[in-house]
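**Q** Now for the letters of each chain:
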Amino acid sequence: GENVEQHPSTLSVQEGDSAVIKCTYSDSASNYFPWYKQELGKRPQLIIDIRSNVGEKKDQRIAVTLNKTAKHFSLHITETQPEDSAVYFCAATLFSGGYNKLIFGAGTRLAVHP
Amino acid sequence: KAGVTQTPRYLIKTRGQQVTLSCSPISGHRSVSWYQQTPGQGLQFLFEYFSETQRNKGNFPGRFSGRQFSNSRSEMNVSTLELGDSALYLCASRRDSETQYFGPGTRLLVL
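Residue numbers (the numbering used here), protein chains in the order written: chain A, 7 to 120; chain B, 7 to 117.
Think of the hints as simulated: they come from the structure by calculation, not from any bench.
Just so you know, even glycine gets a beta-carbon here, dropped at the ideal spot from N, CA and C.
Don't take every hint at face value.
[Stated by the list, open to error] Quick list of the computed label-pair ranges, beta carbon to beta carbon: (1) B:Ala8 <-> A:Leu46: 18 to 28 Å; (2) A:Asn37 <-> B:Arg36: 12 to 22 Å; (3) B:Asn77 <-> A:Gly22: 43 to 53 Å; (4) B:Ser57 <-> A:Asn37: 17 to 27 Å; (5) A:Val26 <-> B:Thr20: 23 to 33 Å.
Given only the sequences and the hints, what does the whole structure look like? Please build it.
**A** Structure, rendered in structure tokens:
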């Protein structure tokens with residue numbers, strides 16, 4: 007089916023702590039997994055992505071891990087700062103009708119408290 | 007390079023009316039996808055257009071339709087509006103890779 011489950015729906019952390027958001031997907035053929043950050047009133051912005059031939063990718067304070075066997079991937083944010091507060095969406099490609107389309111998770115609202 | 011643009015940014019309609027939203031992709035991007043964003047449902051895929059052809063469709067009723075022009079600009083139309091159609095409508099464009107770039111969205115309120 008067309009499904010990406012994302013947990014938790016809300017996450018509250020203290021500044022400096024780490025935050026982890028987890029997603030599972032249903033299509034074993036999915037091969038691209040982006041993460042988007044959406045600040046209040048703004049458009050979703052790509053922050054990091056990973057392809058199925060890679061298990062982990064890091065960019066400064068953010069990292070993404072992928073477990074293809076278990077069909078789940080996670081976003082890790084270390085040393086969180088108040089400006090990390092936003093809604094984060096994971097997504098996975100779904101091959102349908104001859105082409106890939108992106109299916110998004112329901113989002114995680116992250117609040118970083120000073 | 008200019009980003010994805012959408013017009014109008016805000017729209018108020020009444021039930022039963024129809025609405026047309028516009029999206030201009032990043033120059034050189036031939037694929038445009040449309041999404042509906044609501045607080046409870048996240049980002050729901052509506053459809054994707056590539057070179058003026060719809061090549062993917064989500065699970066929305068036939069009241070939702072779209073098209074793409076030869077310059078890659080895309081429009082989506084919603085006919086016979088319902089209260090539940092109130093949402094933020096986002097379009098996203100991409101070139102050849104899967105990386106999508108979103109526009110600012112059109113916020114539609116149906117009264």
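**Q** Which hint numbers doesn't this structure obey?
**A** 5
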